[in-house]
Amino acid sequence: MNPLVEVSHLEKHFEIRSGLWRTVSSHVRAVDDVSFAIAAGETLGLVGESGSGKSTVARLLLRLITATGGSVRLEGREVTTARPAEMKALRRKMGIVFQDPAASMNPRAKIKWSLRRPLVTNGFEHARIDDQILAMLAKVNLGPELLNRYPHQLSGGQQQRISVARALLLRPRLLVLDEPTSALDISVQAQVLNILLDLQEAFGLTYLFISHDLNVVRYVSDRVAIMYLGKLMEIGPVEAVLQAPRHPYTQGLAASSPPMSPHQRGRQRVLLAEQPPSLIDLPTGCRLHPRCPFRQTICEETRPELRELAPGHWAACHLAENLPAPQPRDT
Amino acid sequence: MDQTRRALCVQHLDIQFSTPHGMARAVQEVSFDIHAGEIYALVGESGCGKTSAAHAVMGLINRINAPGHRIGGRVLFEDKDLLSLTEEEMCHVRGRSLGMIFQNPLDALNPLYRAGYQVYEAIVLDKIGKIEAWRRVAELFNQVKLSDPEARMRSYPQELSGGMRQRVMIGMMLARNPRLLIADEPTTALDVTIQAQVLELILALRAALEMSVWLITHDFGIVAEIADRVAVMYAGVLVEEADVLGIFDNPRHPYTRMLMASLPRGFKRDGRLRTIAGLLPDPTLEIPGCRFRDRCPAKIEVCATQAPALVEITPGHRVACHVAATVKGDLPP
Ligand SMILES: Nc1ncnc2c1ncn2[C@@H]1O[C@H](COP(=O)(O)OP(=O)(O)OP(=O)(O)O)[C@@H](O)[C@H]1O
Ligand SMILES: Nc1ncnc2c1ncn2[C@@H]1O[C@H](COP(=O)(O)OP(=O)(O)OP(=O)(O)O)[C@@H](O)[C@H]1O
Ligand SMILES: [Mg+2]
Ligand SMILES: [Mg+2]
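If you read the protein sequences in the order shown, they are chains A and B. Residues in the first sequence are numbered from 19 upward in steps of one, following my numbering. Residues in the second sequence are numbered from -7 upward in steps of one, following my numbering.
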């Protein structure tokens, strides 16, 4: 594999301050010792329940926030410690599409302005900017008449396609997509997913695709990573991880995910019944153990490391070899 | 489920909102029944009129939030036409036998009061003693499977996770033992593990209390999971209605078929998803013929002039489409 992005031992602990002097009273371990790589031209899906640290990973990759530990490399160059000039060059190679497209656009500026501005500040040749914008709009299936509108005059799907277009105009190598379709209804979701796959094919783009919809992640990803409470629980090829998961947490997610047809009713739905514990007061040993139906003493005492169970398929579970086989799921 | 007893009967419901561009018809001539004890799902894309229909049934569209609106038709519930009740009478119905879970539970819970107190208030209406009411609150918190119910009763809404808030809302509804529960996108804000818990809870309560549920969503996964019958709405009209297997295995309306085909079901290598080109029609325009016509690959001449009626093509399966109503066997893809 020829990695475009290499993340190793990445860590982000947020400080929680309290009391009269606002002293640091505890830490939220939002991302804890996370390592993975993404090959050029590949899509890595990132899945996990709310609060597991997915958006924090995304923001660390682009250095929108600073890591408290570990490293992020893009084409072999260190992102976490890059100096301002080098960072500017690196940042041009990375784009991000946020979950809420409206919130990432200036509500008082026309779409034209929002698309043009990043190109101007990044020193693109003025004479060619408008042509490039029109060409990109055509690629995301939007007409030039939208350029003179304000964000609130567009539908959710149009806004989301504008933010994809804006990210792509800078010709990034890596595009981070944070829940890009969760606000859309299914017919618009299908349009946006198709466009992303078309553009990936055309430009060899690399995606980190964050979502908690397993059907969407299965459809766009080559490999999938599963996060729980700041840690990577499982990572591997999409078929292996989603169709035959080796970690009890992934099995729980797959079982909870709604079926594609009413014929699949009646399977066991809830494997992980309790609420997740807080990130401030984390469980000892394996972070899943208080909710895990298979837990043993070792799980309460020793933290499991990621182990390669099949080529390219890693899971962090002491019992991975001895779990009952999960019910196979049709797609 | 009891096919003969109707929990709700909606007849020719019509809702118009006043907008700067004229009257917008959000819901047009919609008629359907919900049977006692069934889960009836209403699906359709954003803006097609699902929430408006539910709000009209609940008596929540009024002069303050929608000045100049018009509502027509009849909504029969417990032998009364809800649309003809006074606000006071409607309050009484809402307090007892008709409950609604809103899409955003934070909007419906008051941030200034503890969760337990809000449920307590809902019960105390019933003139039971204070101690008895608090005992019942604790029971309800247990019933909706809130872990550590004593502590949760003392929490403020913003201290609870999305799934917990949704369960407090459900607890509040249950306190009143409703005959019909309207659930508007009850799980869209939740991730899959918590979503599964909320659906499990709705199923358990339906079984225990014989309650009917009107479930509004655009998530076909949830429909596949718990619905008994399904109605599909497009641009303010019902275009198809059938039991859940009929909708999934044998959808007849081109819109339903295209919607189902746009769900991601496989892997990247399986090829691109189907999409529905075009947009919902402008609700302020009077449209002759079928409202889906401009986006429909199967349209024929008559679609431009005559609006198709919702007709029963096989027992229990109703479709509003000139083509689907005449073609008996397989439809063109
Ligand atoms: N600036 C911050 N200060 C303190 N805590 C934070 C901050 N940003 C995020 N967190 C915490 O870090 C954890 C991970 O948050 P993150 O947004 O990465 O989750 P997520 O996996 O993206 O969840 P979701 O699916 O809900 O978007 C959460 O517990 C969150 O409350
Ligand atoms: N108070 C109002 N005044 C004017 N128009 C309104 C009002 N409330 C709703 N509408 C319009 O009525 C139509 C139907 O809206 P409604 O909220 O019922 O859709 P929905 O099917 O619930 O959509 P979603 O899935 O996005 O919740 C939309 O075009 C909406 O803009
Ligand atoms: Mg997030
Ligand atoms: Mg709605």
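Hints are computed from structural coordinates only; laboratory data are not their basis. We put the CB at the ideal spot given by N, CA and C, even for glycine. Check each hint, because a few of them may be wrong.
Partner residues aside, some chain B positions facing chain A, computed with beta carbon under 10 Å [as the list claims (entries may be wrong)]:
id : residue
1  : Y105
2  : D183
3  : G258
4  : P273
5  : A290
**Prompt:** Quick one, is the A290/B hint okay against chain A at 10 Å, beta carbons?
**Reply:** Status violated, d = 17 Å.
**Item:** Restraint outcome when G258/B is required to lie within 10 Å of chain A by C-beta distance
**Value:** holds (5 Å)
**Request:** Report holds or violated for the interface hint on D183/B, using the least CB-CB distance to chain A and a cut-off of 10 Å.
**Result:** This interface hint holds because 4 Å falls under the 10 Å limit.
**Asked** Is the interface hint for Y105/B satisfied, with its Cβ closer than 10 Å to some Cβ of chain A?
**Response** violated (22 Å)
**Message:** Take the shortest C-beta to C-beta distance between P273/B and chain A; is it under 10 Å?
**Reply:** With a minimum Cβ separation of about 13 Å from chain A (threshold 10 Å), the hint on P273/B is violated.
In this structure, the hints that do not hold are numbers 1, 4, 5, in rising order.
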